[in-house]
Amino acid sequence: MQLVLEKRAERSRTVALISPLIAIGLTIVTMTILFAVMGKNPILALYVYFIAPLADGYSLQEIAVKATPLVMIAIGLSLCYLANAWNIGAEGQFLMGAVAGSWIAVKTQGTEAGHWVLPAMLLLGAIAGALYALIPAICKVRFGASEILTSLMLVYVADLLLDYLVRGPWRDPQGFNFPTTAEFDPVATVPTLIEGGRLHLGSILALIVVAAGAVLLGRTIKGFEIRVVGAAPRAARFGGFNANQLILLTFAISGALSGLAGIIEVAGPVGHLQPGISPGYGFTAIIVAFLGRLNPVGILIAGLFLALTFIGGEQAQIAMKIPLDVTKVFQGVLLFYVLACDSLILYRFRIIFSAPQVARGTH
Amino acid sequence: MELIEAIILSVLAASTPLLLAATGELVTERSGVLNLGVEGMMIVGAACGFGGAWLTGSIIVGALCGMVAGTLMSLLFAGMALGLAVNQVATGLSLTIFGIGLSGLIGAGFVGERITPAPHLYIPFITNIPLIGRILFGEDGFVYLSLALIAAVWWFLYRTRAGLIMRACGDNHVSAHALGYPVLRIRMYAVMFGGACAGLAGAYLPLAYTPFFIPGMTAGRGWIALALTVFASWRPGRLVIGAYLFGAVTILQLHAQGAGIGIPSQFMSSLPYLATVIVLVLLSRARTGGSTAPAALGTVFVPDR
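Each protein sequence line maps, in turn, to chains G and E.
Reading the first sequence from the start, the letters are residues 1 to 363 in the working numbering.
Reading the second sequence from the start, the letters are residues 364 to 668 in the working numbering.
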């Protein structure tokens, strides 16, 4: 018995639509088995993970809050991946955006600074993220260094820089020696949308980013160039598209969005700069980008779904003592299935039962 | 003198996991497969390796557990990237994400536990020779194993027919297939070897480097191992040099921190990562004439029939 892949004449549109659903279905089956092996009631666990968070208003807001950075980062990453540029350092760009934006918040702390503070923070966060992303992009374009490795290495560097700042120069003097800055002033805080709620302005920005991504990819020449460079590099060269310029552009956009997500997270839900501001948003966003088929609307849905698993994971930990690592396993398994199902778009699977020797004889 | 001896000993210990993981990845990449899941395979190897040693009290069982775990992880990768022809970069990334979560689950039961670390070689009189005695004849078994392994890999790649065939698969899978070689099966063996090495490299950390397991203890070493294969231009000899250079950077920054140089520790800790970036840039730049990478590296191969 042998599994054989046969190339389809053209991409299957039906499979392209249903493959994420198949992947989610297979993931849930796998998780059911995992819960059973761990000795937890699988039905109850699945309920706590996927249904319970949808049932109350607080959790729904929390899902939107968690989805905000995921969607923003993933939109940028999808541009990179479409152009065949592998930015996997979004986590570092997220942290650099958070650090740079926080600088303004820390320096204006307790002063009479007006309402320019928050816009300036967001702008600086985006710029810092873009510049940080341009380091691996320039290394790639100028020197041919693998952007996969350089962008990832810079994640560790950003993490250590943030750690240094909040333990050293920016530490809150009244913070009982905890590694954190003081709480940001109201003018340096992202406003919430509902009085006393968690939902904040960043979620609106994320929706705008989704719309902008859809317009860029679907309605502009640049978006077309990005897709052609990734899908058919030779055709792009004949078309006179500058692949290097597109690598720089997609990295810069992706970095800017990650940086913006970073400063929004710090100035919004967290409220101050501290280590561990991200539960791996930059890496989870990679899954979001693929689960969303590198399509802006798909990414929005995928971002909400993965945010649901974050919240569900937290609730499962409290209610059923299921470790948080299960969420990471879940996300990894999901990405596996998404990629495997994507293979169905390009290939038809066929199982051949005859022995290979016999097959060779008939040729 | 004792300080120098201590530094060299710790450099060797810090380099060994890098060398082991990079050796496996070198073979994998020479067959034309780019497995970015080294970090994931290592961390699962670390958790399973520690678990095995803690349950049985045997370092060797622990090391074997790590290797088996790494191999199983790599089979997952092989099934996806070779069997289903999925993009290797994306598959490798998901292997790392999955591995980090899985290792946390596996390791949750024995965080905080301790084991007796792997014993060091001791030959009476010879190990006691000043300076070189302990460095040459007083290491733990993994150090010798890693060096023997890379020598064996060199011999395999350049002195055996099987090695030649494997390199052919890595440089031109279409021609290798046309000659009748089972490209996908050869690549699967190479991926499995990479997984076993990564698992062993991960297991080295809790078995010999620090005698306990902490989640995320690989701390990017799998990614540095990937960079090392680029650094080494996919050649075993340079890989040894590269691994020891990186080990030296890691250890020297620790000693500099210990010596109380007025530089914040975080800056020193970021040195290995920055060094990786700089080395990648310098090497890629020096190599503009033509790439030394296996020509088919990272490309999907679906045999037509």
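Hints are computed from structural coordinates only; laboratory data are not their basis.
Every residue gets a Cβ at the ideal spot worked out from N, C-alpha and C, and that includes glycine.
Hints should not be assumed to be uniformly reliable.
To be verified - Partial selection, computed: residues in chain E whose CB lies under 7 Å from chain G:
id, residue
1, ILE460
2, LEU465
3, LEU468
4, GLN629
5, VAL644
6, GLY661
7, THR662
8, VAL665
Check your understanding: Looking back at the hints listed earlier, which ones does the structure fail to meet?
Key -> Hint check: 6 and 7 fail, others pass.
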